[in-house]
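Q: Heads up: the protein sequence lines correspond to chains A and B, in order.
Its first residue numbered 1, the first sequence is counted upward by one per residue in our numbering.
Its first residue numbered 227, the second sequence is counted upward by one per residue in our numbering.
Just so you know, these hints were derived from the structure itself, not from any lab.
Quick caveat: nothing in here was measured; it's all calculated off a predicted structure.
Don't take every hint at face value.
[Said to hold, decoys possible] List of simulated lysine-lysine pairs, BS3-like, C-alpha gap at most 30 Å:
# : chain 1 : residue 1 : chain 2 : residue 2
1 : B       : 420       : A       : 65
2 : A       : 182       : A       : 137
3 : A       : 210       : B       : 388
4 : A       : 54        : B       : 388
5 : A       : 54        : B       : 405
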Amino acid sequence: MKLRQGSFLWYLYLDKIYCLLSVRNVKALVEYFHLLDAHHNNTLNDVLFYHFLKHVTNLRGTQIKIVFDMLDWNAVGEIGFDQFYVLVCILLSHQNHLEEQFMYRHSRPVFDLLDLDGELRIAASNFHTYRFLFNIKKQELKELFHDFDITGDRRLNYKEFKLYTIFSIDKSQERQKAEREKENEKQKEREKEKGKEKWKSLLLRRMSRKVGVSPESHLEKMRIEI
Amino acid sequence: MEEKPFKVSVKPPERRSSGQASPHDIRNLWTTATLSQSQLNLPLAELCESFEEEGGAVRHAAAAWHSPESRWELGEQGAALADGASVESGALDAELRRESSLESCLEEGDDESKTTTESSLVSVLRVSKHTPHRAYWTEQQNRLPLPLMGLMENEALEILTKALHSYRREIGRGHFLTKELRRYIEGLKRRRGKRFQVSAN
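Excised from the complex, chain B in its bound form:
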């Protein structure tokens, strides 16, 4: 019953083909944000093999996965994950289990295992410096580009500031909604300020 695909005109929308986009246009960053990262994708099997014997880099992966932002992103992207990502999460679970077994070995206080694990940690650190970590790049791919986040936050701040003036005018400064909005705006400004500092450094 439903619609057949129509032949839509090939001409792209004007505002995207207007030729006004400069090299610093946010849209270029938005659409090309992951192009550089896609070149660094290593086969998962290769990565897992290097981590099987040594478990040190797993701590780094675990820390990245358990940060609050990555948890949110994991929740949001649930429906949109490709098959590869589910394989990645399975591989990471295996790595985490290996990490816990490694920690238990360390706790036993076996000298031999200590020295072998220390040397393996060092070698893993050397490897991890040069080998892009799959979990890290997956997280980076799932994040929104920073310029876009900046644009969104700036716009939201402008809108919310105007809304705050309306609140004050209509329901007064003392109303709990006005106070809540004011606190929220201040929090947003602080977050934006921190991000500017980090990017400046």
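Next comes chain A alone, as it looks inside the complex:
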């Protein structure tokens, strides 16, 4: 799932720690919502919502309908600003690769969204339906239920879900750390190579100045000196 480049949402950004919009961003979002609210109900009906998501993301029609059903938690057939705000935060967290952080920070609202039946438990099928929103792969979902379904009822209650979010954020931090270390190592290697090349070019310059000295003997001399 990607946001359309150059769309209005593309210019918004989440706070990296709390995964929420700033007041200025919310103000702009309110204005945007009111622009889309063509019928002056302070809501978006399913058609407006569909075309909005179709325009700003690359989601398929079926996925958009699924998202609408998830957000229409009052089953009134319309989306209010609260739900719209949650959706925008989810989209932006996905865009900025902050899905784990978002689920950790807002575990309760996310749990309530995924708990479609209101049973205070998330079934694997529900999680599977909405995993595209949080960038969770199939294999990861299987492991999730295997590792965190402590009660063994093949569903996640809120505590199990919270535990999952804590572990997943730790994992993502370790991953980030490992990536940073890799990059640092690559950087060091590049600098080493640059240093070697500089040394070689210096050598060649010296050799070109000295006449009648073979490159190998000169290299030996340089090595000894060093």
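Starting from the structure of chain A, add chain B where the hints point.
A: Leaving out everything else, chain B in the frame of chain A:
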């Protein structure tokens, strides 16, 4: 119970640090919209002192505050106002009261007061031309940047036009929702057209 702040990677998000942002990028306008205005903030006490004796500039402030857009913005920004803004509104209330007292003086038809107020109005106008008005800049700071408004309106128009096609296909042209949406889109286009004309002038 709740979460400790995590050490988040310092690297900024790619799309904001991609280096693709040009000088004309809307994001530059969005984030720097108020930078120029912040330099023009005068201490409120200074401004109020200059308006205490003369009340002419208050009419200008009152007109700005009572426009429909500023009323909406005042309502929206209620929770986000800093302490300074509440002081500003109190100062403006005082100015409005002074204005009404000034108007009553004018109505009495006192020659002396007329001449003094006229001369004071002239001096206030001269002052107001050179002194940025606090209420004006506060309103400007609370407005969304025009390029952003333009982007939002254009996008909303595209989305709503597609929605209108769906309405016509599914519920027909004669349905009241279709008509309402069509009227709304036309209104939006007119508003956008007016804004283009104003910016062109």
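Q: Each of the hints needs a verdict: does it hold here or not?
A: To see whether the hints hold, each was checked on the structure:
no.	hint	result
1	B/420 - A/65	violated, 37 Å
2	A/182 - A/137	holds, 24 Å
3	A/210 - B/388	violated, 77 Å
4	A/54 - B/388	holds, 10 Å
5	A/54 - B/405	holds, 23 Å
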